[in-house]
Amino acid sequence: MEITVNGEKTAIEEMSVLSFLQKIDIDPKRVAVELNLDILPKADYDSTLLKGGDQLEIVHFVGGGR
Amino acid sequence: MLTEDQIARYSRHIILKEVGGKGQKKLFDGKVMIIGAGGLGSPIALYLAAAGVGTIGIADADVVDLSNLQRQVIHQTKDVGIAKVLSAKEKMLAINPELRVNTYEEWISAANISEIIKDYDFVIDGTDNFAAKFLINDACVLAGKPYSHGGILQFDGQTITIDPGKSPCYRCIFPTPPPKDAIPTCSTAGVIGVLPGVIGTIQATEAIKYLLGKGELLTGRLLTYSALRMRFREVPIKKSGKCPICGDHPTITQVVDELDALNVCDLEK
Chain Y
1 MEITVNGEKT
11 AIEEMSVLSF
21 LQKIDIDPKR
31 VAVELNLDIL
41 PKADYDSTLL
51 KGGDQLEIVH
61 FVGGGR
Chain A
67 MLTEDQIARY
77 SRHIILKEVG
87 GKGQKKLFDG
97 KVMIIGAGGL
107 GSPIALYLAA
117 AGVGTIGIAD
127 ADVVDLSNLQ
137 RQVIHQTKDV
147 GIAKVLSAKE
157 KMLAINPELR
167 VNTYEEWISA
177 ANISEIIKDY
187 DFVIDGTDNF
197 AAKFLINDAC
207 VLAGKPYSHG
217 GILQFDGQTI
227 TIDPGKSPCY
237 RCIFPTPPPK
247 DAIPTCSTAG
257 VIGVLPGVIG
267 TIQATEAIKY
277 LLGKGELLTG
287 RLLTYSALRM
297 RFREVPIKKS
307 GKCPICGDHP
317 TITQVVDELD
327 ALNVCDLEK
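Line by line, the protein sequences are chains Y and A.
Going by this note's numbering, the letters in the first sequence line up with residues 1 to 66, in that order.
Going by this note's numbering, the letters in the second sequence line up with residues 67 to 335, in that order.
It is possible that some hints are incorrect.
[As the list claims (entries may be wrong)] Covered, in the sense of this in silico footprint (three residues per stretch, anywhere, with C-beta under 8 Å from a C-beta of chain Y), are these stretches of chain A: (1) 83–93; (2) 193–200; (3) 208–219.
None of these hints come from the bench; they were simulated from the model.
The beta carbon of each residue, even a glycine, is placed where N, CA and C say it ideally should be.
So that you can see chain Y by itself, here it is in the shape it has in the complex:
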């Protein structure tokens, strides 16, 4: 199936949001995840399965400024 991740189409097998983050080597602690325009609570990463056509936005914490 195909999902859109940060604007780019990606083919993946069925898996949870957490497994997908792990697969692309992203530490869930360092990001916020928006699934189909809603911010997904961190507690739901494991139980939320990605479906074909899902729009996923992965936004990193960026804390610098100086």
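Put chain A on the given structure of chain Y with help from the hints.
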């Protein structure tokens, strides 16, 4: 009324139909608070001073260090060792002696933030740690004060404007700060010197547009920038009902210090 000198100084603004003499007067009557006189704060302060924003507040407790000069363009070699807010004030007034520049040589905290932002129309976050970023969000949301969030690290930046009550806030995206050691510090991770120039000037643009009441603010969309890939992206953001401060059942009703998120970049000193 603008003086002859002011008309000459701001002529390139005044001929813009979105600004005009009236808009220039609005800028002169405008009050903007810049929190942080570092990478982001430097271009913000320089451009707001040049633009003729009449009252500019700037808060930072730090002194200029040699390692700042690679990106904090308001400070110069001669300023090493002096307070950043004083160095910044000197440059702003050198560009534009008519301004009122208020300096706050202190770190922001739950104890002083509300008082510091109280008299300003618009606040700009140019801080370098999550404790301050969440504190600014909370104080501005609770006070109903619009502000610009900005963040930079390595080659990546992000910014969003928050108009409390009308647009999503920082906690709508990030409900709580990241765990203390999850995000690398500025000194261990580095930052390309031009990056704060890109993000900071966008933040200054937002303040100017807000004061003018023109155009569309960067609300409801997080602008992300990758200098390495040279790409800007907009992530649409909705107001979250679950947001701990501006959602349907807020749990944060007063400003508190996020102690677990204290100064990631201060650890390096």
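Consistency of the hints with the structure:
1. Counting residues of the stretch 83–93 of chain A whose C-beta sits closer than 8 Å to any C-beta of chain Y gives 0, which falls short of three, so the coverage hint is violated.
2. Restraint check on the stretch 193–200 of chain A versus chain Y: 5 residues with Cβ-Cβ distances below 8 Å, three needed, restraint holds.
3. Taking a C-beta to C-beta cut-off of 8 Å, the stretch 208–219 of chain A contributes 4 residues in contact with chain Y, enough for the three needed, and the coverage statement holds.
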